[in-house]
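Please model the entire structure based on the sequences and the hints provided.
Protein chains in written order, with numbering that gives the first Met the number 0: chain Y, 0 to 177; chain F, 0 to 154.
Treat the hints with caution; some may be incorrect.
[Unchecked claim] If you want the footprint, here are the derived chain F segments under chain Y, 3+ residues with CB under 8 Å:
no., segment
1, 58-72
2, 83-96
[As the list claims (entries may be wrong)] Far from chain Y, some chain F residues (derived; all Cβ distances over 12 Å):
no., residue
3, Pro20
4, Lys25
5, Ala28
6, Glu35
7, Asn39
8, Val43
9, Val44
10, Gln46
11, Trp104
12, Val119
13, Ala139
14, Lys147
[To be verified] Part of the chain Y face toward chain F, derived, beta carbon under 10 Å:
no., residue
15, Ser32
16, Gly61
17, Cys73
18, Ile131
19, Gly134
20, Val135
Note that these hints are calculated values from the structure, not bench results. Note that the Cβ used here is the ideal one computed from N, Cα and C, for glycine as well.
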Amino acid sequence: MKRLAYMVPLAVFLVLAGYFAVGLKLNPRDLPSVLIDQPVPAFDLKPIKGKARGFSSEDLKGHVTLVNVFGSWCVACVAEHPTLMEIAKLNLVPVFGIDWREKDPDAGPKWLARHGDPYTLVGDDPDSKAAIAFGVYGAPESFIVDRRGFIRYKHTGVIDADNWSATLWPLIQELRKQ
Amino acid sequence: MRMILLLLAMMLALPAHAVEPSEMLKDPALEARAREASKNLRCVVCQNQSIDESNAELARDMRVLVRERILAGDSNADVIDYMVSRYGDYVLLDPPFKTTTYVLWFGAPLIVGIGILVAVVFYRRRPEEALQTKVAKLSAAEEKRLQKLLEDDEA
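Next comes the structure, spelled out in structure tokens:
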């Protein structure tokens with residue numbers, strides 16, 4: 000009995016170490032979205048400079064879409080951009096861009112001119128109205144929206160070839176069948 | 000003296016407020032309500048500051064949105080509900096009291112309770128143990144030897 004009591008600190012240590020081992024690998028920014036299976040928030044975004052039209056929540060209905068939140072100030076978006084360009088080139092899914100928090104109205108268009116424009120339509124969101132409605136924490140963030148205009152998936156961070164082919168693309172194909 | 004005062008002044012940690020004059024509402028009553036609502040809303044990019052304290056750009060936009068909604072006639076509860084519907088309970092600095100957060104609310108008191116219980120049991124058992132291991136008295140011969148040893152030590 001006494002000998003067992005001496006094992007208690009060791010057992011406590013092992014349990015704590017187990018929790019820490021798991022906890023250290025979790026991403027604190029990876030927060031569950033409450034918007035999954037909710038309709039897209041109603042918004043109507045103005046076009047960015049040089050474009051004829053922006054887009055509204057109505058434009059997302061009737062087809063499966065990828066909504067991508069980006070900004071010219073966002074460093075990770077540069078890393079993500081070639082993947083989006085490829086998706087657009089292969090015509091895999093229409094990508095709608097929310098140009099988030101541009102202080103300078105020229106910055107977004109310039110950035111797209113430099114890196115290429117993969118977007119079907121781009122909306123300007125200088126004061127985070129749409130971003131907050133989508134529960135966005137940072138850029139890049141992307142949402143897969145189904146035909147009915149419901150948010151089905153939220154991807155935090157950069158879309159790359161790996162997570163595209165492992166998660167996003169299979170889901171898009173699945174949603175198209177519905 | 001002046002130096003000391005200056006150092007003391009530097010040590011005063013004042014609560015930071017990030018609300019800029021340009022953001023404030025003209026009606027002081029509504030502004031007070033906006034401040035109240037903002038204090039319980041987490042700045043989602045800084046994780047442990049309220050939007051009232053944070054200088055982050057997203058926090059600023061959230062403060063402005065809070066004010067717009069209040070001006071549009073929303074109650075503070077409506078404003079907070081809206082933020083929760085977008086960001087989940089995470090956006091609240093005070094976690095709500097519901098089934099998924101019971102561990103959070105009851106966990107700490109429960110562990111303290113267990114600790115107290117263990118301590119009480121442990122200390123109650125000790126006098127009994129002491130009785131069981133009672134030391135036998137020295138015999139006359141041993142007493143004598145001890146006395147001698149002590150005397151030797153003194154000499």
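Verification of the hints:
no., hint, result
1, 58-72, "holds (count 4)"
2, 83-96, "holds (count 6)"
3, Pro20, "holds (18 Å)"
4, Lys25, "holds (19 Å)"
5, Ala28, "holds (25 Å)"
6, Glu35, "holds (19 Å)"
7, Asn39, "holds (16 Å)"
8, Val43, "violated (5 Å)"
9, Val44, "violated (6 Å)"
10, Gln46, "violated (7 Å)"
11, Trp104, "holds (20 Å)"
12, Val119, "holds (16 Å)"
13, Ala139, "holds (36 Å)"
14, Lys147, "holds (38 Å)"
15, Ser32, "holds (7 Å)"
16, Gly61, "violated (24 Å)"
17, Cys73, "violated (12 Å)"
18, Ile131, "holds (6 Å)"
19, Gly134, "holds (4 Å)"
20, Val135, "holds (8 Å)"
The structure fails to meet hints 8, 9, 10, 16 and 17 from the earlier list, while all remaining hints are met.
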